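Asker: For reference, the chains in residue letters:
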Amino acid sequence: MLTRIHGGRVIDPTAGRDGVGDVWIEDGRVVAPSDRTPDETIDATGCVVMAGGVEVHSHIAGGNVVMSRLLLPDLYVSEAAPNGHPFAQAGGSGSWIGANYARMGYTTAVEPALPPSNALATHLELADIPLLDRGGLAVLGNDDHLLQVLRDGEGKAAVRDLVQQTLAHARGLGVKCINAGGASAFKDGVLKLSLDDEIPCYGLSTRNIMAALLDAVEEIGVPHPLHVHCNNLGLPGADDSFVATLEAAEGRRIHFAHAQFYAYGVADPENPMTGGFRSAAERINAAMEAHPNATYDVGQVVFGQTVTISLDILRQFGGRKGAKPKKWVLSAGDAEGGGVVPFLYRPRGPVSSLQWAIGLELMLLSSNPERTILTTDHPNGGVFTEYPRIIHLLMDAEERAKEIATLPAVVGERSGLPGIEREYTLSEIAQLTRSGPAKLLGLTDRGHLREGAKADVAIYRDDRDRTAMFSHAKLVLKDGQKIVEDGEVVAWISGKTLSLDVEADAGMAKRADAYLQDRFGAGLDTFAVPDAAFPETTETFEDVACRA
Amino acid sequence: MAAWVKGGAASLDAAVEAAADLLAKARVPVLAGLNADVGAVRAAYRLAETLGASLDPVSGRSLYAELGALSAGGAMTTTRAETTARADVVLVLGNRPWDGDLVGEIAAAPLSRGGAAGAERVLLSLGGPQNGAIRHVAYAAEAGGLPVALGHLRAFAKGHLAGEAAFADLAKRLFAAQYGVVIYDAEEVGELGVEMLQGLIRDLNESTRFFTLPLADPFQGRATVQLSAWTTGQAPRVGFGRHQPEHDPWRFDSARQIAAGEADAALWLAALPAPRPDWLGRLPTVAVVGEGSTEAAGETAEVVITVGVPGESVGGALWNQRRGVIAYVDAKVPTEAARAVDVLARIRDRLIEKGVSC
Chain D
1329 MLTRIHGGRV IDPTAGRDGV GDVWIEDGRV VAPSDRTPDE TIDATGCVVM
1379 AGGVEVHSHI AGGNVVMSRL LLPDLYVSEA APNGHPFAQA GGSGSWIGAN
1429 YARMGYTTAV EPALPPSNAL ATHLELADIP LLDRGGLAVL GNDDHLLQVL
1479 RDGEGKAAVR DLVQQTLAHA RGLGVKCINA GGASAFKDGV LKLSLDDEIP
1529 CYGLSTRNIM AALLDAVEEI GVPHPLHVHC NNLGLPGADD SFVATLEAAE
1579 GRRIHFAHAQ FYAYGVADPE NPMTGGFRSA AERINAAMEA HPNATYDVGQ
1629 VVFGQTVTIS LDILRQFGGR KGAKPKKWVL SAGDAEGGGV VPFLYRPRGP
1679 VSSLQWAIGL ELMLLSSNPE RTILTTDHPN GGVFTEYPRI IHLLMDAEER
1729 AKEIATLPAV VGERSGLPGI EREYTLSEIA QLTRSGPAKL LGLTDRGHLR
1779 EGAKADVAIY RDDRDRTAMF SHAKLVLKDG QKIVEDGEVV AWISGKTLSL
1829 DVEADAGMAK RADAYLQDRF GAGLDTFAVP DAAFPETTET FEDVACRA
Chain F
18 MAAWVKGGAA SLDAAVEAAA DLLAKARVPV LAGLNADVGA VRAAYRLAET
68 LGASLDPVSG RSLYAELGAL SAGGAMTTTR AETTARADVV LVLGNRPWDG
118 DLVGEIAAAP LSRGGAAGAE RVLLSLGGPQ NGAIRHVAYA AEAGGLPVAL
168 GHLRAFAKGH LAGEAAFADL AKRLFAAQYG VVIYDAEEVG ELGVEMLQGL
218 IRDLNESTRF FTLPLADPFQ GRATVQLSAW TTGQAPRVGF GRHQPEHDPW
268 RFDSARQIAA GEADAALWLA ALPAPRPDWL GRLPTVAVVG EGSTEAAGET
318 AEVVITVGVP GESVGGALWN QRRGVIAYVD AKVPTEAARA VDVLARIRDR
368 LIEKGVSC
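As you go down the protein sequences, you meet chains D and F in turn.
When the letters of the first sequence are read in order and numbered with my numbering, they come out as residues 1329 to 1876.
When the letters of the second sequence are read in order and numbered with my numbering, they come out as residues 18 to 375.
One chain only, chain D, in its complex shape:
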């Protein structure tokens, strides 16, 4: 079926498009303008037309996400379900996640923490998120097998084969390392770890582990660069960890998770751990300008109750006493494990206000929004449904000033946000939420509206109230099919789980099986994610090719 989206303001920064025009769609793809009479014309007059949004870092599935629901059963509200989908109104459920992303015009979302030891459950959960294509990043960097290979100096080929085998079995889209070595060190009593500190029992450091993974990712040709969660998240002086890690990449591609939580400079050098923090957004921005090999997602904070979810058990243990309400779950897992710690970003509180300001400052200082992607690290900085409000604040200096005026003076004293007049354009928003994340994930078929792109399209009524505009898309197409009209889901389709097209080296698979049998009394088959495990759906997965 040939469809013409007519008369809307088409925003596609990858093609330099920002003007009224048409987008043509056929068989689920964007096609060249046609002389044929379209089967359907969608009137987008007065609307903004963009590619579907792409999420790179949102905790939407996995054991710790499940645990957060059990720990805080009252965090989300369930509402009476309208006809159409049984569970979309079940607050916090997978269906609720899919529906809320789709309403905002997002069509792809990636869970950044896919533990290889719990890959099947995570994928079963991802597959139950409707409307979106989704994927997961396989987490490495604390697993004993990898650390043994590194400790024993087995060389780059062995590391590459182990990473590739792990990716293949976990069906990951990329590789992430979370405070590399930190979980292992924590189990041996360490409570603070920096880039070059020794990991007990292995004689390694975060730097060694990360460097090995950076090389392996390049050798395998993983399109998404190594996704790095640095040491010392959230601590005053975390900017040092960020910059040191950036330099340690030595020019290799690297993506930093939730940079806002590292843009904390020490406020009082005389009392670094007790004197609080100040914005290091300018320093982070300067470092990024000097290192074009790097990208980050922001991890913007929003005010209110949330729950922090992280495989960084060392950090979560350190932050447990800040839990609100006063309860937490920490799991010392087979590799990372993780922690679930409820947290309240106190509305108008001085600390949370400064965190809020730093995230916005980072984005507003960025010279290239494709490299500084919008996330809230859902739910760690806040729920992803706050994206429209964040976009509003980026696009409207007056609105921002109004909000700043309600906040404590510390925002002006310890961040540069009040002095920034920049307003994001729609093209820059598209870079921040579409083209940037799609490029970062190596998904060349989305994030833009050029010929050949997937027909994932979001149409918004152009409205000065950007919160309203981006909260409820007028129309969302997924693979050319209408899934949202006037902010409501109209077709409950299932997307695909994107996984990297890699095969495990046979020798390494055999070796890994022997290792696992010895350690767990259960082999590689118990780590597998076979198609047969998804009995009610067909073709759950879609392959993504490696870089040539």
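None of these hints come from the bench; they were simulated from the model.
Check each hint, because a few of them may be wrong.
Claimed, not checked - As a list, the in silico DSBU-like pairs of lysine-lysine whose alpha-carbon atoms are at most 30 angstroms apart:
(1) Lys-189/F x Lys-1654/D
(2) Lys-1520/D x Lys-1484/D
(3) Lys-189/F x Lys-1649/D
(4) Lys-175/F x Lys-1520/D
(5) Lys-1484/D x Lys-1838/D
(6) Lys-371/F x Lys-23/F
(7) Lys-1520/D x Lys-1649/D
(8) Lys-1810/D x Lys-371/F
(9) Lys-23/F x Lys-42/F
(10) Lys-371/F x Lys-42/F
(11) Lys-175/F x Lys-1649/D
(12) Lys-189/F x Lys-175/F
(13) Lys-1520/D x Lys-1655/D
(14) Lys-1730/D x Lys-1652/D
(15) Lys-175/F x Lys-1655/D
(16) Lys-1520/D x Lys-1652/D
(17) Lys-349/F x Lys-1838/D
(18) Lys-1654/D x Lys-175/F
(19) Lys-175/F x Lys-1652/D
(20) Lys-1520/D x Lys-1654/D
(21) Lys-189/F x Lys-1520/D
(22) Lys-1824/D x Lys-1810/D
(23) Lys-189/F x Lys-1655/D
As the list claims (entries may be wrong) - In silico negatives: residues of chain F with every beta carbon more than 10 angstroms from chain D:
(24) Trp-115
(25) Ile-151
(26) Ala-155
(27) Val-165
(28) Phe-192
(29) Leu-300
(30) Ser-310
(31) Glu-316
Because the structure is a prediction, the values reported are computed rather than measured.
Even glycine gets a Cβ: it sits at the ideal position worked out from N, Cα and C.
Starting from the known structure of chain D, fit chain F onto it as the hints suggest.
Answerer: Same frame as chain D, but now just chain F:
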């Protein structure tokens, strides 16, 4: 595949039709058991939503002892593999952990990872069977049982009680750990006991690393909790009678609902063996049971449909007790048996065709 309707052999089509008829007439149906692979339990959730029914896994009692304490105060846990390789102090609570091979395996394994690698493991028990076959230091529980014993132990650990009592000695041993683990069964310890235990663990972590290793129930409860959480945002028991998932362990206790006369029809799902509920046969019931099980007979319920046993005659994603995760298991000896997931989906499809909606 075998099926019966009112005691007579029936085709699968006829049994599905009869099941849909039976459930469509119900005002307050319950779906109980849920001892099956993840795909089948997933289908049961969808069926329950369509019917406006409630769901109650057979593992409920074990789950609630854990979940109640979890949502009240949280938990600190570890895995079997980490315990075996790394835990230099292991405290076994109560009797149930001594069933099976877990304690023996831990006792026999050398400490191979972490700072204590190569050292001798300290194995302790509290309120256990005083098993003489495995070398360990045994402490008796007090008259009040494990929860009271845990309270006293915690008081000694915190310094709120002092003296030469055995628990003072036990508390010292726990604090001496580099990586300690308490193994327990939530149903045996009870919700209050679990809450006290997790408090003790929090206290121990002020100066060392200490975690718990809770035993999983044998009826797929852990897998059902995960699926329930990502499907409804909440743990089981869940009811859909008011058009939205409502988590209420008391209200949706199937045994209570049936005893009180609230429920007027049931679906019993036991593709894997599960204790037969005493209410089976007392109210109109559809039994979806594993082939070859004792319930695979016409007199079990008004409608009986046999299905493949996951991991035996059909493949399925199941809770792996050893690894503590969901893992896929192929059929050992594949048969032509219907899969529970397909049977439940077909019943739901028929209900939708009949226009049934909660």
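Asker: Hint by hint, say whether it matches the structure.
Answerer: Status of each hint after checking the structure:
1. Between the alpha carbons of Lys-189/F and Lys-1654/D the distance comes to roughly 27 angstroms, so the proposed pair stays at or under 30 angstroms and holds.
2. Restraint check: the Cα-Cα separation between Lys-1520/D and Lys-1484/D comes to about 28 angstroms, which is no more than 30 angstroms; the hinted pair holds.
3. Pair hint Lys-189/F plus Lys-1649/D holds up; C-alpha atoms about 24 angstroms apart against a cutoff of 30 angstroms.
4. For the hint pairing Lys-175/F with Lys-1520/D, the CA-to-CA distance comes to about 25 angstroms; that is within 30 angstroms, so the pair holds.
5. Between Lys-1484/D and Lys-1838/D the CA atoms are separated by roughly 18 angstroms; this keeps the pair inside 30 angstroms, and the hint holds.
6. For the hint pairing Lys-371/F with Lys-23/F, the CA-to-CA distance comes to about 21 angstroms; that is within 30 angstroms, so the pair holds.
7. Among the hinted pairs, Lys-1520/D with Lys-1649/D is consistent with the structure: their alpha-carbon atoms are about 16 angstroms apart, no more than 30 angstroms.
8. For the suggested pair Lys-1810/D and Lys-371/F, the alpha carbons sit about 28 angstroms apart, so the restraint of at most 30 angstroms is met.
9. Straight-line distance between C-alpha atoms of Lys-23/F and Lys-42/F comes to about 16 angstroms, which keeps the hinted pair within the 30 angstroms bound.
10. A threshold of 30 angstroms between alpha carbons decides the hint, and for Lys-371/F with Lys-42/F the separation of about 11 angstroms falls inside it, so the pair holds.
11. Under the criterion of a C-alpha separation no larger than 30 angstroms, the hint pairing Lys-175/F with Lys-1649/D is consistent with the structure, at around 18 angstroms.
12. Between Lys-189/F and Lys-175/F the CA atoms are separated by roughly 11 angstroms; this keeps the pair inside 30 angstroms, and the hint holds.
13. A C-alpha spacing of about 22 angstroms is found between Lys-1520/D and Lys-1655/D, which places the hinted pair at or below 30 angstroms, so the restraint holds.
14. Restraint check for Lys-1730/D and Lys-1652/D: satisfied, since their Cα atoms lie roughly 28 angstroms apart, inside the 30 angstroms limit.
15. This hinted pair checks out: Lys-175/F and Lys-1655/D have alpha carbons roughly 19 angstroms apart, not beyond 30 angstroms.
16. With a C-alpha separation of about 23 angstroms, the suggested pairing of Lys-1520/D with Lys-1652/D holds against the 30 angstroms cut-off.
17. Proposed proximity of Lys-349/F and Lys-1838/D is supported: the alpha carbons are some 22 angstroms apart, at most 30 angstroms.
18. Proximity of Lys-1654/D to Lys-175/F is assessed by CA-CA distance (about 19 angstroms); at most 30 angstroms being required, the pair is judged to hold.
19. The hinted pair formed by Lys-175/F and Lys-1652/D meets the criterion: a straight-line CA distance of about 23 angstroms does not exceed 30 angstroms.
20. Our distance criterion of 30 angstroms between C-alpha atoms is met by Lys-1520/D and Lys-1654/D, whose separation comes to about 23 angstroms.
21. Distance check on the hinted pair: Lys-189/F and Lys-1520/D sit about 26 angstroms apart at the alpha-carbon level, within 30 angstroms; holds.
22. Between Lys-1824/D and Lys-1810/D the alpha-carbon distance is near 16 angstroms, which keeps this suggested pair within the 30 angstroms criterion.
23. The suggested pairing of Lys-189/F with Lys-1655/D holds, with an alpha-carbon distance near 26 angstroms, which does not exceed 30 angstroms.
24. The beta carbon of Trp-115/F is kept farther than 10 angstroms from every beta carbon of chain D, the shortest such distance being approximately 19 angstroms.
25. No beta-carbon of chain D is positioned within 10 angstroms of the beta-carbon of Ile-151/F; the least distance is around 18 angstroms.
26. Every CB of chain D is more than 10 angstroms from the CB of Ala-155/F (nearest about 26 angstroms), matching its label as outside the interface.
27. Every CB of chain D is more than 10 angstroms from the CB of Val-165/F (nearest about 23 angstroms), matching its label as outside the interface.
28. No Cβ of chain D approaches the Cβ of Phe-192/F within 10 angstroms, the least distance being about 13 angstroms, so the stated non-interface status holds.
29. Taking the minimum C-beta to C-beta distance to chain D, about 25 angstroms, the non-interface status of Leu-300/F holds against the 10 angstroms cut.
30. At roughly 21 angstroms from the closest C-beta of chain D, the C-beta of Ser-310/F stays outside 10 angstroms, upholding its exclusion from the interface.
31. No beta-carbon of chain D comes within 10 angstroms of the beta-carbon of Glu-316/F; the shortest separation is about 30 angstroms.
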